[in-house]
Amino acid sequence: MAPVKVHGHPLSGATATVIACLHEKQVEYEFVSVDLSSGAHKQPSFLALNPFGQVPAVQDGDLVLFESRAIIKYLAKKYEGQGPDLLGSTLAEQALVEQWSQVEGQSFNSPCSAILFQIIFVPRRGGQTDEAVVASSVEKLNKVLDVYEEKLSKSKYLAGDFFSLADLQHPVYIHYLVNACGKGELISCRKHVSAWWEDISSRPGWKKVTEMMKP
Amino acid sequence: MAKVKVYGLPFSTCTARVLACLHEKEVDYELIPVNLMAGAHKQPPFLALNPFGQIPAIEDGDLTLFESRAITKYLSNNYEGRGTKLLGGTVREQAIVEEWCEVEAQQFNPPSYAIVQQILIIPMRGGTTDASVVESNLTKLSGVLDVYEERFSKTKLNYLAGDFFSLADLHHLPFAHYLFNAAGQGHLLDSRPHLKAWWEQISSRPAWNIVKLNMKK
Numbered sequence: 001m002a003p004v005k006v007h008g009h010p011l012s013g014a015t016a017t018v019i020a021c022l023h024e025k026q027v028e029y030e031f032v033s034v035d036l037s038s039g040a041h042k043q044p045s046f047l048a049l050n051p052f053g054q055v056p057a058v059q060d061g062d063l064v065l066f067e068s069r070a071i072i073k074y075l076a077k078k079y080e081g082q083g084p085d086l087l088g089s090t091l092a093e094q095a096l097v098e099q100w101s102q103v104e105g106q107s108f109n110s111p112c113s114a115i116l117f118q119i120i121f122v123p124r125r126g127g128q129t130d131e132a133v134v135a136s137s138v139e140k141l142n143k144v145l146d147v148y149e150e151k152l153s154k155s156k157y158l159a160g161d162f163f164s165l166a167d168l169q170h171p172v173y174i175h176y177l178v179n180a181c182g183k184g185e186l187i188s189c190r191k192h193v194s195a196w197w198e199d200i201s202s203r204p205g206w207k208k209v210t211e212m213m214k215p
Numbered sequence: 001m002a003k004v005k006v007y008g009l010p011f012s013t014c015t016a017r018v019l020a021c022l023h024e025k026e027v028d029y030e031l032i033p034v035n036l037m038a039g040a041h042k043q044p045p046f047l048a049l050n051p052f053g054q055i056p057a058i059e060d061g062d063l064t065l066f067e068s069r070a071i072t073k074y075l076s077n078n079y080e081g082r083g084t085k086l087l088g089g090t091v092r093e094q095a096i097v098e099e100w101c102e103v104e105a106q107q108f109n110p111p112s113y114a115i116v117q118q119i120l121i122i123p124m125r126g127g128t129t130d131a132s133v134v135e136s137n138l139t140k141l142s143g144v145l146d147v148y149e150e151r152f153s154k155t156k157l158n159y160l161a162g163d164f165f166s167l168a169d170l171h172h173l174p175f176a177h178y179l180f181n182a183a184g185q186g187h188l189l190d191s192r193p194h195l196k197a198w199w200e201q202i203s204s205r206p207a208w209n210i211v212k213l214n215m216k217k
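Respectively, the protein sequence lines represent chains A and B.
Anchor point for the first sequence: position 118 equals 118 in the UniProt record's numbering, and the numbering is continuous, going up by one each time.
Anchor point for the second sequence: position 124 equals 124 in the UniProt record's numbering, and the numbering is continuous, going up by one each time.
Errors might be hidden in some of the hints.
Cut-off 25 Å, straight-line C-alpha distance, at most; resulting in silico cross-link-like pairs (DSS-like, lysine-lysine) [what the hints assert, rightly or not]:
hint, chain 1, residue 1, chain 2, residue 2
1, A, Lys78, A, Lys5
2, B, Lys5, B, Lys85
3, B, Lys5, A, Lys140
4, A, Lys77, B, Lys85
5, A, Lys156, A, Lys77
6, A, Lys5, A, Lys214
7, A, Lys214, A, Lys151
8, A, Lys5, A, Lys77
9, B, Lys196, B, Lys154
10, A, Lys156, A, Lys208
11, A, Lys78, B, Lys85
12, B, Lys156, B, Lys216
13, B, Lys85, B, Lys196
14, A, Lys42, B, Lys154
15, A, Lys143, B, Lys3
16, B, Lys85, B, Lys3
17, A, Lys151, A, Lys140
18, A, Lys140, A, Lys156
19, B, Lys5, A, Lys151
20, A, Lys42, B, Lys216
21, A, Lys156, A, Lys214
22, A, Lys154, A, Lys191
23, A, Lys140, B, Lys42
24, A, Lys5, A, Lys140
25, A, Lys154, B, Lys216
26, B, Lys85, B, Lys156
27, A, Lys5, A, Lys42
28, A, Lys78, A, Lys191
29, A, Lys151, B, Lys85
30, B, Lys140, A, Lys42
31, B, Lys216, B, Lys196
32, A, Lys207, A, Lys191
33, A, Lys143, A, Lys154
Here are some, though not all, of the chain A residues that point toward chain B, as calculated from beta-carbon distances under 10 Å [what the hints assert, rightly or not]:
hint, residue
34, Phe31
35, Leu36
36, Asp60
37, Arg69
38, Ala95
39, Glu98
40, Val103
In short, the hints are calculated from the structure, not lab data.
Heads up, the beta-carbon is just placed ideally off N, CA and C, and yes, glycines get one too.
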């Protein structure tokens with residue numbers, strides 16, 4: 001069986017999330033690097049994979065998929081028989097996994113990405129970090145993490161007592177927040193979020209991703 | 001069987017998304033209004049349903065759920081045997097439905113939300129529309145809608161995920177309704193004939209006709 005092809009970039013959060021899922025599900029893959037700095041993601045050959053011109057895109061046989069959260073859902077379903085179950089075993093569990101996946105996509109990601117963008121990417125392009133944007137994003141993220149703290153005081157992982165896609169969607173963003181943005185206290189000041197972060201970032205699948213991300 | 005309880009407001013976009021799904025699936029429900037004006041959504045009884053203090057939330061038996069796009073997926077799975085099939089049949093079809101659900105959530109929603117916020121919601125609360133925010137989001141949204149138009153025109157498909165109506169189409173209904181009508185951005189459809197045909201089709205479905213009665217035109 002031909003390995004899954006991932007078209008992505010080692011520094012792309014969405015790419016890292018897909019790679020993490022492939023490792024969890026023990027699925028062989030081939031990584032095809034897309035040269036973002038030369039605009040390869042806006043060229044016709046990549047747009048044929050993702051018309052929105054964003055990494056990652058994945059090829060599995062003749063199926064092409066984009067949007068990292070849709071890709072990991074597909075992988076978790078198709079490769080259900082291998083690795084841990086990331087979807088939940090009952091309809092109720094699956095619904096809770098979906099709910100917390102949406103929380104990441106709708107509430108966690110936006111303020112977190114804004115912080116990463118201002119602190120990491122803007123200076124890299126020769127601009128200046130907008131501290132007001134960072135401050136308001138930190139405020140928003142604090143409110144979201146307060147809810148996480150409460151939830152994680154009641155269950156080991158977000159959707160229940162099992163690691164799921166909802167948890168898997170987080171590590172790359174927290175990794176950059178803590179290691180590249182100096183915002184580790186957002187995590188460390190929260191006992192249960194800290195413990196959860198310690199747990200999910202120690203998973204072998206995640207450790208393999210951090211190796212890929214190293215320059 | 002006890003009715004599904006929906007905590008929300010019928011003219012709220014995210015509540016309407018859930019109601020549209022309930023109607024498509026022919027599932028009985030009871031709508032329990034949440035008094036946003038009085039701040040009910042930030043009070044303990046509601047926070048017990050959704051700790052993020054946002055409508056809607058649902059109760060189905062002893063399951064409580066929030067996030068409208070998770071609720072619609074749950075309803076589509078739990079009531080699979082009834083009404084319209086909304087998720088796709090094969091693993092492949094389901095993957096493409098998921099993909100275009102994410103496109104709605106990640107590409108279409110942010111600029112649409114920003115435009116509707118500026119043009120309808122802020123003035124309603126006594127503030128002033130920021131024209132530059134509207135402008136920059138219209139540019140973003142136009143780029144997204146160009147991809148939709150290209151997809152419909154190249155594939156000749158009638159719906160986003162294939163030749164079947166799915167959650168991927170349904171999720172667009174509430175914000176697109178306000179965007180193209182009350183927020184005055186119907187011009188986005190004028191230069192995109194395939195997009196316009198898709199919109200006309202999905203917005204005239206019987207389930208949506210019921211839900212939009214309670215939404216400002």
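Among all the numbered hints in the text so far, which are the ones the structure does not match? Failing hints, ascending: 3, 7, 12, 15, 20, 21, 24, 25, 28, 29, 34, 35.
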